[in-house]
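First to last, the sequence lines map onto chains A and B. Taking full-length UniProt numbering, the leading residue of the first sequence gets 1, the next gets one more, and so forth. Taking full-length UniProt numbering, the leading residue of the second sequence gets 1, the next gets one more, and so forth.
Treat the hints with care, as some may be off.
[As the list claims (entries may be wrong)] With a cut-off of at most 25 Å between alpha-carbon atoms, the simulated SDA-like pairs for lysine to any residue come out as follows:
{"no.": "1", "chain 1": "B", "residue 1": "LYS500", "chain 2": "A", "residue 2": "LYS497"}
{"no.": "2", "chain 1": "A", "residue 1": "LYS561", "chain 2": "A", "residue 2": "GLU583"}
{"no.": "3", "chain 1": "A", "residue 1": "LYS379", "chain 2": "B", "residue 2": "LEU468"}
{"no.": "4", "chain 1": "A", "residue 1": "LYS448", "chain 2": "B", "residue 2": "GLY314"}
{"no.": "5", "chain 1": "A", "residue 1": "LYS460", "chain 2": "A", "residue 2": "PRO481"}
{"no.": "6", "chain 1": "A", "residue 1": "LYS497", "chain 2": "A", "residue 2": "SER381"}
{"no.": "7", "chain 1": "A", "residue 1": "LYS379", "chain 2": "B", "residue 2": "LEU280"}
{"no.": "8", "chain 1": "B", "residue 1": "LYS497", "chain 2": "A", "residue 2": "LYS497"}
{"no.": "9", "chain 1": "A", "residue 1": "LYS489", "chain 2": "B", "residue 2": "ASP313"}
{"no.": "10", "chain 1": "B", "residue 1": "LYS218", "chain 2": "B", "residue 2": "LYS452"}
{"no.": "11", "chain 1": "B", "residue 1": "LYS452", "chain 2": "A", "residue 2": "GLN538"}
Don't read these hints as lab results, they were simulated from the structure.
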Amino acid sequence: MCDPQSRFVARARRRFAMTRECAVLLPRVCAALADPRQPGLDDTCLEKLLDWFRSLTWFDPTVELVRDNPCVTELISSVLALPDPSPSILAFTLQLAGILASSESRFQHLQQEKLLGRLFGREGPRGVAAWEDASVRSAWLKGVHSMLHHLPALRCLCSTGGMDVIFTLQGDPSLFVASAASQLLVHMLTFSLESETSKSLSTKDCDWPACAQMIVKHIKESLQSSSASHVEQSLKLLSSLFGSCFGSCYAAWTDVLWLDIAKQIESFLLEETLQAQPMLANILLNVARSPAFCGTEGSFWAIVTSALEHLTPIQAGPLAVGLLKLCKCPQDVRIQALTVLLQPMDCILRAASQPLECAGLLDESVSDPVTVESLLSSKTSCAGLLCQTLAHLEKLLSLKHLRVDLPSESLLRSLMTILQFCHGFLSPASPLGITISRNLINSFRVQKSALDVLAALSEKKDCDTLIGSLFDVLLAYLQSPNTNPTVLKKTFQATSKWLVHLQELSSSNSQCQQTEKILEGNKVVCHLPFTDVFVVLQKRLCSPCWEVRDSSLEFLTSMVKCLREQKEFRQCLLSSEVLRLTENLLEDPESYVRASAVTALGHLALMTCFAPVIGNQYNKESIVAKLQEILSTDSEGFPRRAVISIFTKWLREGCTGQLKDTEQFVSRVIQTVEHDLDWEVRLGGLELVEVFCSQAIYQLSQCPYAPVSSAVTSSTPHNELLQVFCRAKLFGFLFGSLCDCDKPVGQRACDVLVGLRGHFYPVSTLENPQEIEDSPAGRGIAWLQRTLRQGSLAQNFPTGGGVGVDFQDPESMMLALGAIDLLELHDELNKSSDHVEESPQSLLQDILATLGTTGDNEVDCY
Amino acid sequence: MSGVELSPCTCGFCWTLRGTRWLHLNDAQVPPTSPAHRLIKLAKPLGFGYTNPSIQFKSTTIMLDCGLDMTSTLNFLPLPLVQSPRLSKLPGWVLKDGSMFLDKELKECSGHVFVDSVPEFCLPETELLDLSTVDVILISNYHCMMALPYITEYTGFTGTVYATEPTVQIGRLLMEELVNSIERVPKAQSASMWKNKEVQRLLPAPLKDAVEVSMWRKCYTMPEVNAALSKIQLVGYSQKIELFGAVQVTPLSSGYALGSSNWIIQSHYEKVSYVSGSSLLTTHPQPMDQASLKNSDVLILTGLTQIPTANPDGMVGEFCSNLAMTVRNGGNVLVPCYPSGVIYDLLECLYQYIDSAGLSNVPFYFISPVANSSLEFSQIFAEWLCHNKQTKVYLPEPPFPHAELIQTNKLKHYPSIHGDFSNDFKQPCVVFTGHPSLRFGDVVHFMELWGKSSLNTVIFTEPDFSYLDALAPYQPLAMKCVYCPIDTRLNFIQVSKLLKEVQPLHVVCPEQYTQPPPTQSHRTDLMIDCQPPAMSYRRAEVLTLPYKRRYEKIEIMPDDLGKDPENPGVSSQELSFSFPKFSCS
């Protein structure tokens, strides 16, 4: 077998090939497109056509495409000959020509036809009225971009004045055109330097290729221009340039270029009036990411430091967080970047406390603290700055390897302060605190961001002394009727994470007294605050707002997942009303809530009925029966999906009893789900079957890892296994699912069957299915094979047994597994469902039909 | 020139705005003694009630609202419908020196002292303003007319009262319930000794701090109610009412309750808006008309939410959660409430909630002498309802879903606990009944009945009374108490947006709106923030409103012009002039 990549390429090549049928249709399509009397095609069709040409040229760089299909060049000529072509057809032609000219041989061919100069040269379409249309200018740039993959094209463009057009288009009123021009210049500079030079370059090197020289000169001139827009365009270009270097271009020329413009960039940092400050941060970050600057010391990092000092906290934030993610960044710069991010948090902490009470979070500021204070004092910028800062901090906390120490405890204190401000709990003493408090009260945006960071911070150590106060804040949020449902959800998430953290902390402390210290401020020392949590959870489970009920159930599930082994948690849970309320919510009118209740109850069942708990009144049978009923009768898909997912979880965790019980359980479930209208439920059923199969194989195989040596083995475990699967009615479900109208179901069923075949037959036989013998069983399997090829098993499924396939007969099923070409089926199922409709031939026919020039119509006309 | 003057009354609810004559001069031209427009607050700044300013405008005295301060009733013992051994055995209060002369009037209960007599109410201010001179009373909503019989029947008032139809009808129900609740529990003794100023200062708080106790009066009677209501002239939203040809008043929807109104008081060149008890939330009434408040010279702002930190949605959620938890645990829920208003929204919310909460089999009882009328009235005032509910009427469906609750027997209503109710009564259940002060009405019975069990819960939803004060005579209490005040009136954020939208030249409001609440001094968000800063007033203060009148429209009729002896044939012609800085006395 060839490797998957080759198979993919071969399939793609076949799919996009110029077939005989396409070659017949293409001239008529081209003629129709060039005909100005024809109605315009919609852009989607033209884009699809361009995509096809792109694929064709990508797989075949030779000139044959244009030689064998002269209609294509004729189309270009015809459009160029039109006195007033429509913008859409002209844009199409420009892009088509660019795509065709992407290989050198076709470029030469088009040059000989004298087409390219008329498209992209001096005598190009810039003079025609259609040029006023932004789509045409954009198409011109795209065409040039496609073409510039070889030096002749680059040189041709430079020599025919194309560069000036591109420079002009950088300032185009259409942002799409301006951006495309900028991207094109980046591509040209990179391509020119990488294709036309072989030795390393210096700043004064006159050997820079002509094209690169032109672009660099343009950049420098623009940077020194008095026009703000020119400066901005140049900075955008540089930002893209250095951005594109990251990951792909490690060339030294980036370093050379940077040295050339560094002074100018540095001077911009001090210009407060410049509107392009955010772009400076972007450029510096892109340069810092470039491997060319790894380990560079001195000047570059001095500019970065200066940027951190002079940019506003909002502008410097993205730069700071970017720097902190870098592997190679001087430590002092990292610390400075972190300081920039922590400044607003520091300001919050200071504003909330008495002047001498709290030292804040930072020893010193990077930039003027007054700037941060004024931003936090303003109603309009306060929430924005804090949300941005908090989002950056959350990113940092999610990093596995942060190379600076975060002051976790102070950060936690600051977060708590923000949350208290937002809820109006805190009474600040300072005027700044009063102003910030006023700005933050009821700001859901800030609350959500702060709770996200709080949740992320639970992974960090060194916050333990504040846990008591933290739970006070979290519980106040959970209890307050004014807490917004989304904020409540975030509070639940943060609480859940911190409960887990606290539990870990508690279990790691062998002596109770140590935990008492940790929980300083909590009334119930040495105990996790489960009682309070369950009281509030009970209330929230009764909320009239379904989002609140739903997030309460999710919170319960997450707690059960993480804390079910914790004795105190189990006691509090079982003595509360939560179990009963959760059970009630299985009948909630909102399907999302029912689904969440199923999930919660499924997890609760793992600890209440499957694990021995004294005094529990929830027996296994009643819960299984309830969930089974939901699976059979619930009118919405979400609860049914949740049930099948929980059943699979139970199976995975080995909670469904002995194999015999599990077999019956699985059999019941698949009989319920095989006719479910929701494909995700059916897919869930297949997942359940897969887990069951692997467990049964594991349990019944004497040595699960021993390779199967012969084809059909008559050893007892195999027979027994087949009998188990047949009794559970797996095969009928699996083969039936192969023809499921929803493809993922068929694919999954095929995967499971391939896996089963691999167990019962040697892997080497997979590509060579067995011959089907002429016997009653064999004839049934032959019918099955034919039916599967037609994809109609679902309709012809043997219900009365008249067809001759007995899906519960182990012998027949063994035969079916060996004889049916599952690999072929697998390939068929992996084909895109629209592979017929999306074929190039179909596209060409569609175009002709739209343009009204199909053969039938022509006949009608005659 | 001077503007308008404000001064408040002692009753807690009434205001009068007095104005000068219509024509005004600028400051330089008007002598200091020139009469001014004045706004007189005839209300105590209790923090609970409503404010009733009065305005004198073009020699017309307009009283804005006529609310009744019922917080005085909290000083009295509850009136039990059924003999209460607990209340009847309460010890008399004895002075520190052992004097027992007040032990018949005052009773002690759990450290609090209560007056053992029929509850009394604090009347509107009468000293600042002779109420017989009031020409017009404008009513904002049915809660703001509860003192009307005291004004119309006791002060020599001869003017007209304007209110919308739902306001009058539901106001009547509230008065009827009040009268009925008090009259059906006759109390033999009355207490007056404690009101003696020399005696009062010896009493413990809050009795010793009660103001104007000599003004407190027993409840009015139904004939007085009927007489008062007969003086009301019904008006519709946006209807322009000319007052003596001098001033025009117009009610606008305020979005707070059925038929609730804000009022525009205007002349040709001046416009005063009176905003009282308004809501921007989507509840059952017609939405608030904000556009018509634009271009006001002065906007008098009262009736903001009394619980600005409590979000009504959150409180409804809290209400439902606590209700469900109590009932699931086998307990009963008592909701002290008025017979109209928030109860409609609560029933609607419960209609959607009970099935999801598995409470379909739990009976809901609404007990009030006017329960039936209230539920029926709500369904017939379609034109006063929000758009969604109006649409239902055309389907035709009842606008409020409590009709369905009644039809399916989930909600049952009774005039009192006697009669059918005692036969139908099943527990656990939810009871809505009055009065929210817990001093009279059927609620007293349920407090006595359920107070001893911790399974039961009383949920306070009306914000007019301190729930701790309301519960004081029932202590010690085992039942759970939940405070979920649902006040849909404007909060400070909404006020800020409203003021930015309507941009009045000047805002006038009670002093407590211009500073953070005393217990939360850091909450600077809980005060009015506008430019120029709002002009505030205190109790019994007369304010000069800061607007300048520069123009007057006069009509010159032929009779006024006189005949020109030289041109007797000149025809009579109506002329209109606008005079800047025109002076006329």
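Here is how each hint holds up against the structure:
| no. | hint | in the structure |
| --- | --- | --- |
| 1 | B:LYS500 / A:LYS497 | violated (43 Å) |
| 2 | A:LYS561 / A:GLU583 | holds (18 Å) |
| 3 | A:LYS379 / B:LEU468 | violated (37 Å) |
| 4 | A:LYS448 / B:GLY314 | holds (18 Å) |
| 5 | A:LYS460 / A:PRO481 | violated (30 Å) |
| 6 | A:LYS497 / A:SER381 | violated (30 Å) |
| 7 | A:LYS379 / B:LEU280 | holds (23 Å) |
| 8 | B:LYS497 / A:LYS497 | violated (39 Å) |
| 9 | A:LYS489 / B:ASP313 | holds (17 Å) |
| 10 | B:LYS218 / B:LYS452 | violated (31 Å) |
| 11 | B:LYS452 / A:GLN538 | holds (24 Å) |
Hint compliance for this structure: hints 1, 3, 5, 6, 8 and 10 are not met, and every other hint is.
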